[in-house]
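Novice: Based on the sequences and whatever the hints tell you, model everything.
Chains as they are written, first to last, in this note's numbering: chain A, 1 to 386; chain B, 1001 to 1442; chain C, 2001 to 2574.
Each hint can be trusted.
Within a straight-line C-alpha distance of at most 25 angstroms, the following computed SDA-like cross-link-like pairs (lysine to any residue) qualify:
no.	chain 1	residue 1	chain 2	residue 2
1	B	1124	C	2090
2	B	1211	C	2167
3	B	1216	C	2557
4	A	176	B	1315
5	B	1211	C	2179
6	A	176	B	1323
7	A	338	A	261
8	A	255	A	164
9	A	176	C	2355
10	A	374	C	2318
11	A	193	C	2479
12	B	1216	C	2212
13	A	374	C	2355
14	C	2322	C	2503
15	B	1065	C	2392
16	A	193	A	278
17	A	176	A	371
18	A	193	C	2372
19	A	176	A	306
20	A	100	A	110
21	B	1250	B	1045
22	A	176	C	2359
23	B	1238	C	2124
24	C	2322	B	1435
Here are the in silico distance ranges between beta carbons for each label pair:
no.	chain 1	residue 1	chain 2	residue 2	range
25	A	97	B	1120	32 to 38 angstroms
26	C	2542	A	370	43 to 49 angstroms
27	C	2372	A	238	25 to 31 angstroms
28	B	1215	C	2526	26 to 32 angstroms
Sample of chain A residues facing chain C (criterion: CB under 7 angstroms; computed from the structure):
no.	residue
29	207
30	212
31	213
32	218
33	220
34	221
35	222
36	367
37	369
38	373
39	376
Worth flagging that the hints you see were computed from the coordinates, not collected in a lab.
Here the structure is a predicted model, which is why all the values come from computation and not from measurement.
Cβ coordinates follow ideal geometry from the N, Cα and C atoms, glycine included.
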Amino acid sequence: MKKSKAATLSIIAAMYAVAIHAEPRFMQGDAAGFVVSDIKYALGPDASETGACPAGMSKNVVEIYIEEHGIVRGEGETEGDFNRRVRRDSRIYSQSPEGKNYCSFPELAQPDPHFKTVQRSDIKVRGINIDGRASLNDFLDAQGNRGIDNQFFRVVGCSRSFQSEGLSNHFVTTMKTGAWGITIQLSGLDDIKNDNEVKVVIAANADPIQLSAARDALPYATYARSQDPRFRAETTARLVDGVLTSDPVDMRFHKVVNSMILERPLQQARVVATLTEEGLLNGYLAGYTPVEALYDFVYGYRSGKTSEGELSPLRERSANGTAFVLGHTCNGGYYALKEHADGLPDPETGLFTAISTQYEFSAIPAFIVDVETKSLNSELTPGRLL
Amino acid sequence: MKTLSRRRFLRGTMKGAAIGVGLPFLDSMLNDSGKAFAATGQRIPVRFGTWIWGCGMIPELWVPKQTGYNYTMPEHLKPVEGYRDKLALLSGFDVKLDGVPNKPHVTGCFGLRTGIPIPDRQVKAPTFDVLIADAIADTRFRSVELSTTGMQRSYSYRDAGSPNPSEVNPLALYHRLFGEGFQDPNQASFTPDPRYMAQQSVLSAVQEERKALMAKVGAADRQRLDEYFTSLRELEQKLALQLQPPAPVKNFVMPEPPEANPVDAEMANVIENHKIMASLLARALQCNQTKVFNVLFSDTTSNLRRPGVSSTHHTLTHEEPIDRELGYQREVAWFAEQSMFAWRDFLDALDSIPEGDGTLLDNCLVLAHSDCSLAHAHAVEGIPVMIAGNAGGRIKTGFHLAGNADPVTRVGLTVQQAMGLNVETWGGLSMATNRTINQLLV
Amino acid sequence: MDLRKSRFGGLNFGRQTAQSTVGYLTRASAIAVIVILNLAGCSAEFGTSDRNGVSALGEPPPVGGPPLVRRLTESQYRATIADIFGPDVPIVARFGRELRADNMIAIGTSKAGISPFSLEQYDNAAAGIVDFIFAPENRARFMTCEPDADSDFDEQCARTTIEHYGSKLFRRPLREEQIARYLEQARRSTELVADYYVGLGLALRGLLSAPEFLFRIEEVDEQNPDSLSAFSKAERLSFFLTNSAPDDALLAAAESGALNTAEGLEQQVERLMSSSKFEQALRAFFADMLEFDLFEDLTKDAQLYPAFSPVVALDAQEQTLKTIVHHLVDQQGDYRDLFTLRETFLTRALGIVYQLPVPTRNGWEQTVFPEDSEYAGIQSHLSFLALHSHPGRSSPSLRGKAIREVFLCQEVPDPPANVVFNALVDTGGNTMPTARDRLHAHNSEPACAGCHKIMDPPGYALENYDGVGTWRDTENGAVIDASGNLDGRPFSSPLEFGEALRDHPETGKCVVERMYRFAVGRDIVWYEREYMDYLIEAFKAREYKVPSLMRDIAMSENFFTIDSDAVRYEGASL
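Specialist: In structure tokens form, the structure reads like this:
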């Protein structure tokens, strides 16, 4: 993230040096548009740094099977044969006795004791205090004060793939291929430092992000907002000393994995970000992700759709493959999410149905237009995503 | 009298590579003819082939830091340093998705080979090797496909329902090429294509107007027309070459049937089988059994394996954490490097066959490519591409060219043009292009 | 820093010559002084109309120039093939770089030859064209007759085809001996390959590679050697007004002699100018004038200008051409307004560099530069600004030179051979933050000042646009000063500079001169000066409408007049 951000910054600096003028270059009247150029989950430090996973890291079904049954390679058994054997035999851990796969039906499984979560709370974790309270389960902010609501980190903090060298926090790569994107537009902006009434529209980007030859996002491109109202959110915000804070609103974005399209909802989401004179917006998107939806887009892919809008035939295989490769079990993730949910209580049962989730993002100036657009390739993908 | 001025190049001098706007590297303009025939003046056929390796490369170890001719050979390409002059490295050419879902290891490979990005294997156009074979194949086999990891698939498709399957077994390949039905090239009889004779005659007829025209125009214009008629004569001479029989195949030695080797995806076996099959293929090309070939060294979801390691190359690309010191995945890098050793072996096989004034490789155009650049991200941007050989003098090599996010269909277009196809634009939808890579063509 | 050399050696004095030689020297080079005085002289002299008793709207006696041999340009080749065989015929060839002579491709066509490589490419293109039209599924479109059997040679049918297409390609009826020659080739080829269509196709390929097709060989009229022949007139007229070969109606008018009458000529001129092909001629002219072929050499530093790409370069050219055509043709606008107009067309790729919104995702958005943006006029388009800059920075000298040469037809001499650049290289330094500061040496060093005092000021006006054309208020932290003076007219911003350029007396004259050279393919002959005056007056009188200028040229006697004794001035101009 750093490298690309620095490059984008230098692009902007190189393209023009802004003198202190009455109106900064990125403003269009009282409006300013942005496109997210980088985004990832806001997490805490690696387990190796904090020692927050004393019971070890989460395991996949093969590792669990080998450990629980003390499986070893037989005499004269080749590596390939051994691998095939354990993969085959460990399937008992990934499906019900009736053969229903636990990634697709995690509710049929038991909680997984091998799925490890962060047990301590005295860790400095990135993000904001969403609910304004300092609860026992909250993490510490950079100054050491309790209050950071980031239970998603608690759930994934002991998974190998969510450590800094792991692959789970690089989903921005698909954004850079243009498969999805996020636009932000501020209006009613009278002053870029202080304004107590700003309107904010956050919407999915219907156009692919424009990159330079070095694959850095280019500022001042034009993007159309998604015309799907489910992917648009409007709210109000305040700007205080250059820090924008928005009022809670439900948002929804896309996630794309293995050509499957999933939805990434964020309820009661807030933006807390700094706005610079060059028009860079950096900060957090924080809110509560419904557990079932989060399970889908991180672990189980149950609702994964093709570009035609049909349920994808790749869901189950991909979910199992992902779990194996990234080192977790689907049901492990499912129950951990349920256990650490901390938001949106069900009105009848009182049980929490959503889990605090935070994203760190950077956004650069862009022109956001509200028109229908489509790709030159749209005849190839009739139920278009973009 | 040449009145053409020389261009000057304005190159960026600060830090990064400059963006060329369709610029050749050499400070040269309209070259006098690309000699389509070997320096011996004899007609040697030009062959085309592709060589695929799966799961991309490690950019820090594969993409040269400099562009042009004097680049430092990067770590993973050191095995082919000996072929520097016969290689063109093309980095930074993209499959342009523009809204099409990226099916990992599929969209990139088919996008590159058909010119249209597709979200599955339902190709919307033939792969370019099929187009080239249709244009140039006049041999026993229209094309030969082989695969060295035991997987029968190839990425040579005529249409969605007609893929060309690969030969996976060296012994089977041997029998197919040199068993029953083998034709000794030196026994074949040659009849010149009467079209060339007719065309020659027509060009002489055009010459007949020379006297009348020269009388009509002023002195300065006479010189220009003289240049035109000189060019016309050169064209006639080129045609005359086509009327000659193809060069006799010298030094052809019938190969022995290969030893039976285990055929699987274990690296050592794959390397060995690849060497055997490459050698058989080279002999087959030498004696004109085919002019087009497609080699699948490792599948796009590379099933290459190391003994003692349970994961395949492909699963490692997703599974293996990035090494903190190196900044990339160590095991994955090993497979990427091995793929380049194998590429060197392939070039060795072609280059070891003397032909005309040089070797078989000189008369080939081999396009090596992968299905992605960064495998763990399935990135179809910057898919690594290499072109080897000189296509009988029709292409230039020896440089590294940065594509700067240009569509990779420029490569497919250019190789088709180099092989003599009359194609001005290629690719479809977001990848349609008519921009030839002029640096490649003589 | 590397000043681009002017395209040809020797001195050019603008439109005046040694008449204005000055008899004294200063420390500045005499040449520079002459140039300065010439410019001043020019402005004064042409400020008025009605000189030497020539009425503003009456053509002086025709002068003409020598008959020429002009090679077809790529766009002319393509247009001709499309007109004759249809727009879907593929043309697969690598056309070489067009030759520029006297600053114009149109004049280069009179000097360019055809190299072996070029001819091979033409032959390739011919093969593709012939394959297409003789393909079984297409041939009915192109042949009106067919042989009894495919392997039989049908002389009558072949003759018809050869005559029909040959005359269109050669732009005049074929002589009997030409017909016989190609017919004989078709016969022999048919016999050799036992296929009529292949045989006839090869003959057609010969026609497509023949010098009579690839070159426009102008002939004088047999009865009247001071004039082009009717068919040469048709050719010159057609390529001028449509950038393509004469169509059937025009060839018929030539054949019948109608083109030799004023009424007949007028009819054809009106017809051609109201056709959809007229726009192509304008595009060819402006692409030539604005030197768009130089885009092939253009590179920009990827780190400094990441938004610049080959797509942007192509879009930039198209933007300017669309803007020009829309203004001059659709709006019948004043040519001079091209330097101040805000109406334009944009794509998203261009929008990133201009930093303006473009709602249309694929293709062109017809739009207007906003009032509060600093873009107006074609000199503020990326196609001008990016083209006349260095890979890593803007260049007042390159842009100033281009303003002078492209829009004002004022020649700027080459730099002296012993120029020392080390004072100018420090671009990041604090002591010389802006280009104006760095170029101070230009203006104080005597050997340099003469030309740079002329060249740089227009370039300074444009320094707010960086090396690719994006607006900037400062350079290296210092505010950019865009004020200056264009030959006496002051300006303090690029917008005011655009107005100064619009009102400059040379602006209108320059395009007149250039259009005439484009039309005839050679530089102006000495004795054509009065004709130039006539055209300039007419241009003014018609409110600087470019189509009217083209009509005036096409309808003038001088346009078709030949002076066979005229010596061709190699490299010199008036």
